[in-house]
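Based on the provided sequences and hints, a complete structural model is requested.
Taken in order, these protein sequences are the chains called F and H. Going by the numbering used here, the residue at position 72 of the first sequence is 72; the numbering climbs one at a time, nothing skipped. Going by the numbering used here, the residue at position 32 of the second sequence is 32; the numbering climbs one at a time, nothing skipped.
Warning: the hint list may mix true and false statements.
Claimed, not checked - A few chain H residues facing chain F, derived, Cβ under 7 angstroms:
# : residue
1 : K29
2 : A32
3 : I118
4 : H125
Since the hints were derived computationally from the structure, they do not count as laboratory data. Note that CB positions come from ideal geometry on N, CA and C, so glycine has one too.
Number of protein chains: 2
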Amino acid sequence: MPDELLLDKPLTNNAIPSKEHPCSDHREKLLAIADTMDVINGKWKIQLIGIFLFQGKMRFGELLKHIQGIGAKMLSKELQHLEANQIITRTVLQTKPITVEYQITAYGRTLERTISDIVDWGTNHRRRIMR
Amino acid sequence: MPDELLLDKPLTNNAIPSKEHPCSDHREKLLAIADTMDVINGKWKIQLIGIFLFQGKMRFGELLKHIQGIGAKMLSKELQHLEANQIITRTVLQTKPITVEYQITAYGRTLERTISDIVDWGTNHRRRIMR
DNA sequence: CTGTATCCTGTAAGATACTG
DNA sequence: CAGTATCTTACAGGATACAG
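See the structure below:
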């Protein structure tokens, strides 16, 4: 399942500007945006990435408790998606019963800058909108 | 409607880590992420912002044609959301019939850096995942 | 402990028709 | 032209039960 990648043609389900589009100069940019959003979008993905950035390794059960409100199904699904996108690795430890550690990859860390921007903008935005 | 702002308490509907959360150091960061995502998330919002950044003023009908696949309802809704978040302005021109121009605000342009990061990361990500 | 399978629901988004 | 109203659909996400 990891190796199939969920990556059909575009990396995302979101609307992609068509090639026949008037200004195809921006098409590529919008496509790139869609590709990033595919990794970041949704209710849990980016929060998950944030946690992997801020903390280190985490086990499934820890994540389940750590992430307020997520269920096993969603967590599992999102972890697979992140793994498919090479953002995290999944390591099975031969304990009994087995345990699994997830941790961010070096590549995953390349999201750090973007996420940091997102954090900064959000912090400022809240201040601005609240008053 | 613009002035009600859709901003209840958190700026987003997404899950927010609770105050009682184990590591409340990161709570603020995760909240900030959620706030940004509220502006960026969804099928159309960020694409819309991108267009306003790359192009200049646009009218409703132009946007409708420009954005592959969007319908009037969604466009209207997203524009209101962006206006409520002070990302764009809406100007009614006294033509007959009336026309309306939307354009990004100076504040909206503060998203430029973040979006630029998102574009860059997405561009690279596609290359990486594709091979 | 780490998941998957199944079923169920709520919300995002689309289609269509209509108005100032 | 620039939307809104209404109805419908699709899918993300949740609850529960169960398996290796």
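Tell me, in ascending order, the numbers of any earlier hints that this structure violates.
none
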